[in-house]
Amino acid sequence: MLKRLADQTLYEILEVPPDASSRDIAEAVERARALYGPGSIATYTLMSSEEASLLTRRIEEAQSTLLDPDARRRYDDLLGDRSGAANAETSEADAGAQGSPPARVLPLVPQPDREEALREAEASAEESWPLRPGHVAGASAPTSPPPAAEPPPLPARPPPIPLRREVSGPSMTPVPLPSVAQAAPEPIPLVAAAGPGGAPAPDATAWTGEVLRRLREARGITLPQLSERIKVTRHHIENIEGDRFGLLPAPVYLRGILLSMARELRLDGQKVARSYLERVAAATAGPGAPRPR
Amino acid sequence: MGDVPTLKLVRTVPEPEPAHRPAGPRPDAIRARRIVAVGGGKGGIGKSLISANLGIELARRRRRVVLVDADLGGANLHTTLGLDVPKRTLSDFIERRVPRIDDVVTPTGIENLGLVSGALDHLDAANPPYAQKMRLLRHIQQLDVDYAILDLGAGTHTNVLDFFLVADHGVLVLVPEPTAVENAYRFVKAAFWRRMRNVAQVYGYEALLRTVMAGGNFRSPVELVTTVSQRDPEAGANLARQLAAFRPRLVVNEARTPQDADVGKAVVAAWRKYFGLEMDYLGFIPYDDEMWRTLRARRPLLVERPDVRAAKAFAGIADALVALDLAARHEA
Chain W
1 MLKRLADQTL YEILEVPPDA SSRDIAEAVE RARALYGPGS IATYTLMSSE EASLLTRRIE
61 EAQSTLLDPD ARRRYDDLLG DRSGAANAET SEADAGAQGS PPARVLPLVP QPDREEALRE
121 AEASAEESWP LRPGHVAGAS APTSPPPAAE PPPLPARPPP IPLRREVSGP SMTPVPLPSV
181 AQAAPEPIPL VAAAGPGGAP APDATAWTGE VLRRLREARG ITLPQLSERI KVTRHHIENI
241 EGDRFGLLPA PVYLRGILLS MARELRLDGQ KVARSYLERV AAATAGPGAP RPR
Chain Y
1001 MGDVPTLKLV RTVPEPEPAH RPAGPRPDAI RARRIVAVGG GKGGIGKSLI SANLGIELAR
1061 RRRRVVLVDA DLGGANLHTT LGLDVPKRTL SDFIERRVPR IDDVVTPTGI ENLGLVSGAL
1121 DHLDAANPPY AQKMRLLRHI QQLDVDYAIL DLGAGTHTNV LDFFLVADHG VLVLVPEPTA
1181 VENAYRFVKA AFWRRMRNVA QVYGYEALLR TVMAGGNFRS PVELVTTVSQ RDPEAGANLA
1241 RQLAAFRPRL VVNEARTPQD ADVGKAVVAA WRKYFGLEMD YLGFIPYDDE MWRTLRARRP
1301 LLVERPDVRA AKAFAGIADA LVALDLAARH EA
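In order, the protein sequence lines correspond to chains W and Y. 30 is the number that the working numbering gives to position 30 of the first sequence; each next residue is one higher, with no gaps. Count along the second sequence from 1, then add 1000; that gives the number in the working numbering.
Careful, some of the hints might be misleading.
Looking from chain Y toward chain W, a few residues come up when the C-beta cut is under 8 Å (computed) [said to hold, decoys possible]:
1. V1085
2. P1176
3. P1178
4. E1182
5. Y1185
6. E1223
7. A1266
8. V1267
9. A1269
10. A1270
11. Y1274
12. G1276
Simulated crosslink set (DSSO-like; lysine-lysine; CA at most 30 Å straight-line) [said to hold, decoys possible]:
13. K1133/Y - K3/W
14. K1312/Y - K1265/Y
15. K1312/Y - K231/W
16. K1189/Y - K3/W
17. K1133/Y - K1087/Y
18. K1189/Y - K1265/Y
19. K1133/Y - K1189/Y
20. K1265/Y - K271/W
21. K1265/Y - K231/W
22. K231/W - K271/W
In silico negatives: residues of chain W with every beta carbon more than 12 Å from chain Y [stated by the list, open to error]:
23. L223
24. Q225
25. L226
Hints in this document: simulated from the structure, not taken from any laboratory. Given the structure is predicted, the values throughout are model-derived calculations rather than measurements. Positions of the beta carbon are idealized from the N, C-alpha and C atoms, including for glycine.
Produce the complete structure using the sequences and hints provided.
Below, the structure is given as structure tokens:
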């Protein structure tokens, strides 16, 4: 039962059975992100930053591999081969050879396969998702067909992050989001997210401080009122709304504040906190660097 | 090699090859009573309140319970029960003014519930010499009760860790705040490494473990077991088996939001994912103003306000503990 993070299969990473449905897997990815993502209280001081980023990478890997039917089939085939080999090893051990160390099964995704999957996914992203960061200048809210599949996670991309909006998010509908895009300091493209046709598209709304501020104003809540209600000093809220990442408290505290703010604004706190913390992590650590704890 | 007190105090899981078990007494063989140790690293997270109320809950189920205030430097369990400082305390036992720990058990006014009050009058009581601590633990194990509940102090002093490790149920209390989480992990990791060393000592591969640990900076036990296995497969297999028996029981206190209630599950999942080890989640206690109100009135919550949600949560926690005991008895 003892297995290192790097040795766990993608199914074990998500803690789902190998025959889990895409829907279960998408939910497990969400759950895993909420559990182990930036600012998670449950992992605070438990993992080193390298381990935390390894876990994040493996969750991303699970998302891109297991939610793509072709990539998943290839991965399952590979896993089948491995577990066959592992079974042989086990029966050998049962026969009396206790020599093999307990934690040696390596169901790691082999690099070539993974890179291939990534390349493929990226290629499809190029076709159907024209608003990648980098070529957004002048792009107005697009009416182009929604992406067929969720593009792969792009951990190395710096912000700006494209702002996408759930078509069916009832809690968000009264908010004048288009004006957010207009008034935002940098051009934030708005993309209508794909409905759950085929691969489920996780909610990828970028919850910037600006969006939170506008939502708060739209709900007619003043800064002092919010501060009073969630018992957080006003300048933290101002710094969050101003995206002044350098002045924010440590992620664990920040997460708590974001959850409270989201609750007051009647938003999904987990999604808001995750989105915001990912942006903070990307902005403060730079691409690829270990996240601050 | 392993000295006798350590042999007596490390709970070990049975070895498949009895030839490798060192000769000595088998402390767990006849003991049906259970020791519950309530710890958590940080102060002010409700260890004493949880000990007292869990004790009341179990006593009401007709279990004979003794609460032991093992917070030797800061004993206050009597206050949570609304008692004055008892005439006889642990220091009478530690300093051998009475021969048996039973002699310092004070009635609490609650049927089936006794209290061993902490040592209050003795400056050195917080850090008893090793032999005194061993004697105390031995006598606690021999108390004629169904449950002995030890209320531990804060911090990760070896005295606290040893009380935690000797217990059948090491209860880890956590409040969903970063400071408490940080201290809880520090506490449970310190307990873990101490248990690891004790086990290696008992089974006679302490030198190997020390060599291996000196050779690398191990963050997780999984890596350590792998390395030990490479040097000595048998020792590695033993280590892996013994470590699986390290299963803290988790209680989340002062849960204020629905997310807080999920923190317990998240901690168990993270612990398994990162440490490769298990915890048993006993449940959470919702934050309740009655908790501090009853404390200020020096009345136990379960006596004064059994109707509030926080009080009812103790039933679930007791259920979970009893279920674990039943499962353990079933296995044995």
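Status of the hints after comparison with the structure:
Below 8 Å, beta-carbon pairs count as interface contacts, and V1085/Y has none with chain W, the closest being about 37 Å; its hint is therefore violated. Taking 8 Å as the C-beta contact cut-off toward chain W, the hint placing P1176/Y at the interface holds, the least distance being around 6 Å. Hint status for P1178/Y relative to chain W: holds, with the closest Cβ pair at about 4 Å, below 8 Å. Taking 8 Å as the C-beta contact cut-off toward chain W, the hint placing E1182/Y at the interface holds, the least distance being around 5 Å.
Proximity of Y1185/Y to chain W holds as hinted, the smallest CB-CB distance being about 5 Å (cut-off 8 Å). Interface hint at E1223/Y: satisfied, since its Cβ lies 7 Å from the closest Cβ of chain W, which is below the 8 Å cut-off. Hint on A1266/Y holds. Least Cβ distance to chain W is approximately 4 Å, under the 8 Å limit. With a least beta-carbon distance of about 5 Å to chain W, the hint placing V1267/Y at the interface is held under the 8 Å criterion.
Below 8 Å, beta-carbon pairs count as interface contacts, and A1269/Y has one with chain W at about 6 Å; its hint therefore holds. Proximity of A1270/Y to chain W holds as hinted, the smallest CB-CB distance being about 4 Å (cut-off 8 Å). The interface hint given for Y1274/Y holds, since its Cβ lies 5 Å from the closest Cβ of chain W, which is under the 8 Å cut-off. The beta carbon of G1276/Y is positioned within 8 Å of a beta carbon in chain W (closest approach about 4 Å), and the interface hint is therefore held.
For a cut-off of 30 Å, the pair hint linking K1133/Y to K3/W is broken: about 37 Å separates their Cα positions. Between K1312/Y and K1265/Y the CA atoms are separated by roughly 20 Å; this keeps the pair inside 30 Å, and the hint holds. Simply put, K1312/Y and K231/W have alpha-carbon atoms about 28 Å apart, close enough for the 30 Å limit, and the pair holds. The straight-line distance between the Cα atoms of K1189/Y and K3/W is roughly 18 Å, inside the 30 Å bound, and the hint therefore holds.
Using a Cα cut-off of 30 Å, the hinted pair K1133/Y and K1087/Y holds, with the two alpha carbons roughly 22 Å apart. With a CA separation close to 18 Å, the supplied pair K1189/Y and K1265/Y stays within the 30 Å bound. Distance check on the hinted pair: K1133/Y and K1189/Y sit about 22 Å apart at the alpha-carbon level, within 30 Å; holds. At most 30 Å may separate the alpha-carbon atoms for a hinted pair to count; K1265/Y and K271/W meet this at roughly 19 Å.
Note on K1265/Y and K231/W: the hinted pairing holds, with a Cα-Cα distance of about 26 Å set against a maximum of 30 Å. A C-alpha spacing of about 21 Å is found between K231/W and K271/W, which places the hinted pair at or below 30 Å, so the restraint holds. For L223/W, the non-interface assignment is confirmed: its Cβ lies about 22 Å from the closest Cβ of chain Y, beyond the 12 Å cut-off. Even its closest Cβ contact with chain Y, about 20 Å, leaves Q225/W beyond 12 Å, as expected for a residue assigned away from the interface.
At the 12 Å boundary, the C-beta of L226/W stays outside the reach of chain Y, the nearest C-beta of that chain being 17 Å off.
In the structure shown, a violation is registered for the earlier hints numbered 1, 13, in ascending order.
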